[in-house]
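2 protein chains.
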Amino acid sequence: MTAHTNDKQHKHCAGDHAFRRTDSAVSIVHLKRAPFKVTVIGSGNWGTTIAKVIAENTELHSHIFEPEVRMWVFDEKIGDENLTDIINTRHQNVKYLPKIDLPHNLVADPSLLHSIKGADILVFNIPHQFLPNIVKQLQGHVAPHVRAISCLKGFELGSKGVQLLSSYVTDELGIQCGALSGANLAPEVAKEHWSETTVAYQLPKDYQGDGKDIDHKILKLLFHRPYFHVNVIDDVAGISIAGALKNVVALACGFVEGMGWGNNASAAIQRLGLGEIIKFGRMFFPESKVETYYQESAGVADLITTCSGGRNVKVATYMAKTGKSALEAEKELLNGQSAQGIITCREVHEWLQTCELTQEFPLFEAVYQIVYNNVHMEDLPEMIEELDIDDE
Amino acid sequence: MTAHTNDKQHKHCAGDHAFRRTDSAVSIVHLKRAPFKVTVIGSGNWGTTIAKVIAENTELHSHIFEPEVRMWVFDEKIGDENLTDIINTRHQNVKYLPKIDLPHNLVADPSLLHSIKGADILVFNIPHQFLPNIVKQLQGHVAPHVRAISCLKGFELGSKGVQLLSSYVTDELGIQCGALSGANLAPEVAKEHWSETTVAYQLPKDYQGDGKDIDHKILKLLFHRPYFHVNVIDDVAGISIAGALKNVVALACGFVEGMGWGNNASAAIQRLGLGEIIKFGRMFFPESKVETYYQESAGVADLITTCSGGRNVKVATYMAKTGKSALEAEKELLNGQSAQGIITCREVHEWLQTCELTQEFPLFEAVYQIVYNNVHMEDLPEMIEELDIDDE
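From first to last, the protein sequence lines are chains A and B.
Be aware that the first sequence starts at 0, since it is given in numbering that gives the first Met the number 0, and climbs by one per residue.
Be aware that the second sequence starts at 0, since it is given in numbering that gives the first Met the number 0, and climbs by one per residue.
Bear in mind the hints are in silico, worked out from the structure with no lab data behind them.
Possibly wrong hints are sitting among the right ones.
Copies of the same chain are indistinguishable here, so a pair counts whether it falls within one copy or spans any two.
As the list claims (entries may be wrong) - Here are the simulated BS3-like pairs of lysine-lysine, each with C-alpha atoms no more than 25 Å apart in a straight line:
id, residue 1, residue 2
1, K323, K313
2, K36, K116
3, K288, K278
4, K190, K94
5, K320, K190
6, K135, K159
7, K76, K323
8, K116, K211
9, K330, K94
10, K288, K320
11, K323, K116
12, K219, K36
13, K313, K288
14, K323, K288
15, K190, K219
Here the structure is a predicted model, which is why all the values come from computation and not from measurement.
Based on the sequences and whatever the hints tell you, model everything.
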């Protein structure tokens with residue numbers, strides 16, 4: 000393994016996003032060969048679940064992957080014991096994924112830098128808000144040939160526009176980064192109930208060649224299980240956009256549910272939402288493919304799962320039934336957690352307003368107006384009606 | 000109104016499907032002008048609901064439509080009274096749509112031929128199996144300039160291939176026929192809970208011109224309500240295919256639900272189902288548009304509604320939980336009604352087998368095998384897995 004031979008070079012180049020694209024940068028990357036070493040960064044409910052999936056596969060395909068998978072754990076005391084020690088001796092994450100047996104080749108590691116030592120593939124699976132701090136700690140310690148997959152859902156929306164989290168990782172660490180997203184409620188995957196997911200990854204310019212680098216085939220072997228069907232595609236932007244915007248649609252479904260409008264209305268909201276997700280994706284990431292949104296697990300299927308339950312639906316339903324604000328509903332229902340759609344619908348609104356495009360996205364705009372400007376949710380149908388009757 | 004001036008000519012020409020396409024046929028059609036007269040053929044749960052929608056609109060747009068709407072009712076006794084008399088005096092269909100007030104300009108008519116007298120637009124909304132008999136009675140009594148919309152879901156699948164019900168009406172009656180389909184559970188539409196639908200209609204070759212004939216704008220005015228949002232498109236095949244095949248997907252969702260596999264799995268089935276619906280539509284109706292399936296209410300939204308409940312899900316869930324056959328489950332649960340997916344999945348299988356294409360539709364095929372050949376539903380994931388791992 001040659002993962003650390005370029006640390007110095009990398010540290011020097013950190014922040015220079017183009018360096019890895021140059022021929023000289025490519026020339027200093029040592030040729031890699033399987034087996035590849037994998038580290039999972041994060042050990043929450045979804046992080047531990049994905050680490051379980053991965054460790055099952057590295058054991059199975061030991062000629063392609065090093066069987067041992069490190070999982071970085073933000074260590075904490077459970078009674079008198081460290082969570083890492085519990086995971087490494089009892090092989091359960093008693094705090095974040097209780098009652099699920101973990102493979103013995105999955106090793107919890109409380110040191111972030113130690114956990115990534117020699118890793119060829121980093122799988123990020125931490126809460127969104129911790130990403131900047133984690134990435135900062137990693138800067139200068141990740142060789143340019145390392146590849147990454149982000150299991151974080153969504154994107155950053157600011158005044159500068161839409162930034163994918165995978166692009167953020169690439170920009171900050173100088174490594175190629177793809178994404179994993181899909182209709183994946185973690186507890187169901189952990190229990191090995193059958194589901195599907197989408198992995199998106201583009202081969203980097205310094206791709207090392209078949210058997211020497213990560214490609215779609217390797218990623219399928221890393222994530223695919225009999226109970227967890229994986230499709231690998233190129234479209235990182237498409238799956239990231241869909242993963243973030245579905246939460247806004249789920250709020251609208253929650254309003255509909257809370258008002259007792261029934262299944263037709265909920266299906267209509269999902270249809271309209273899918274349309275606006277596609278429009279948003281195509282407008283700001285024209286390279287993203289329409290098929291990703293309606294054919295992939297990360298597209299239409301994740302939308303359906305999210306709209307059939309989850310935090311956003313719960314908060315919005317409560318708002319409809321009680322007349323309380325989004326923030327009150329969040330506070331009363333979620334024990335300090337947040338319903339991501341509440342933040343995302345504001346970010347989307349602000350970005351669309353900057354672009355003078357709010358009218359093009361009547362559903363997203365309606366959700367924003369209901370959540371932030373006390374617009375009556377009874378007006379939802381009217382707000383999203385396409386007015387093309389001109390007979391009067 | 001000139002609707003009946005051509006009856007004789009028409010009778011003579013009945014069965015000659017091409018006649019209305021010829022210039023001489025066009026020349027004998029009298030020019031029509033608004034207001035158009037509308038008849039609804041059928042008065043079940045969905046038929047009465049659509050008649051209510053239409054009658055509200057004809058009253059509102061009386062410069063475009065004759066306000067009075069006739070609804071053909073297969074008359075029956077309710078106690079001592081005729082159902083038609085009850086509808087015309089109490090303005091409720093107490094048998095098939097109880098407790099819903101109907102507009103007074105909706106007139107029940109027990110005579111099929113009398114009900115269509117002078118009609119410019121026929122809206123078919125009867126159970127699928129009654130269509131041939133109704134159409135036979137109408138033959139020779141419908142002028143060629145009359146236009147039709149079929150609210151029946153689905154198509155006929157036989158050894159000859161796939162025939163749309165709208166094409167059947169056109170072939171048998173010599174009139175242009177479109178379709179209405181969408182995420183429309185009738186009781187919710189009747190209660191004026193907000194929903195959406197799709198109307199599909201192609202202008203005929205003998206189209207009489209703006210204001211003299213039915214077009215997309217007229218159809219929108221006929222069906223659109225503040226609580227019932229209508230989109231009018233050309234793609235009759237697309238919405239008909241989606242309307243029929245969704246029932247097969249709903250069976251698979253029922254299996255998943257009955258086995259307790261959860262939301263991820265149900266969403267995965269719907270995603271796969273949408274993909275196979277699109278593939279089927281594109282293969283046998285290449286003129287149908289992909290967008291219809293993922294953008295229209297009759298496509299993805301109807302799929303979602305149907306998979307979240309209804310007869311097919313119910314029957315399949317019961318099969319999974321009890322181990323009983325589809326026919327036993329139907330018998331025990333549906334009081335003589337049928338779960339359409341059970342018939343459709345066999346028809347689809349037989350048609351695909353004729354074409355040697357069963358392998359291309361693993362989900363449809365899996366449903367058929369489970370329903371008819373006692374294949375274990377636990378094998379579903381394996382049966383629909385795309386096997387592209389070739390590392391061993």
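To see whether the hints hold, each was checked on the structure:
1. K323 <-> K313: within (13 Å within a copy, 36 Å between copies)
2. K36 <-> K116: within (9 Å within a copy, 78 Å between copies)
3. K288 <-> K278: So K288 and K278 pass the 25 Å test inside a copy (11 Å) and across (18 Å) alike.
4. K190 <-> K94: Classified as within: same-chain Cα gap 16 Å, cross-chain 47 Å, threshold 25 Å.
5. K320 <-> K190: between (33 Å within a copy, 20 Å between copies)
6. K135 <-> K159: within (21 Å within a copy, 66 Å between copies)
7. K76 <-> K323: neither (37 Å within a copy, 51 Å between copies)
8. K116 <-> K211: within (19 Å within a copy, 77 Å between copies)
9. K330 <-> K94: Result: close within a single copy only, 22 Å intra versus 48 Å inter.
10. K288 <-> K320: neither (38 Å within a copy, 40 Å between copies)
11. K323 <-> K116: Result: close neither inside a copy nor across copies, 49 Å intra and 55 Å inter.
12. K219 <-> K36: For K219 and K36, the Cα distance is within 25 Å only inside one copy (15 Å; across copies 60 Å).
13. K313 <-> K288: Neither. Shortest intra-copy (31 Å) and inter-copy (36 Å) distances fail the 25 Å Cα cut-off.
14. K323 <-> K288: neither (39 Å within a copy, 43 Å between copies)
15. K190 <-> K219: within (20 Å within a copy, 49 Å between copies)
Hint check: violations occur at hints 7, 10, 11, 13 and 14; the rest are consistent with the structure.
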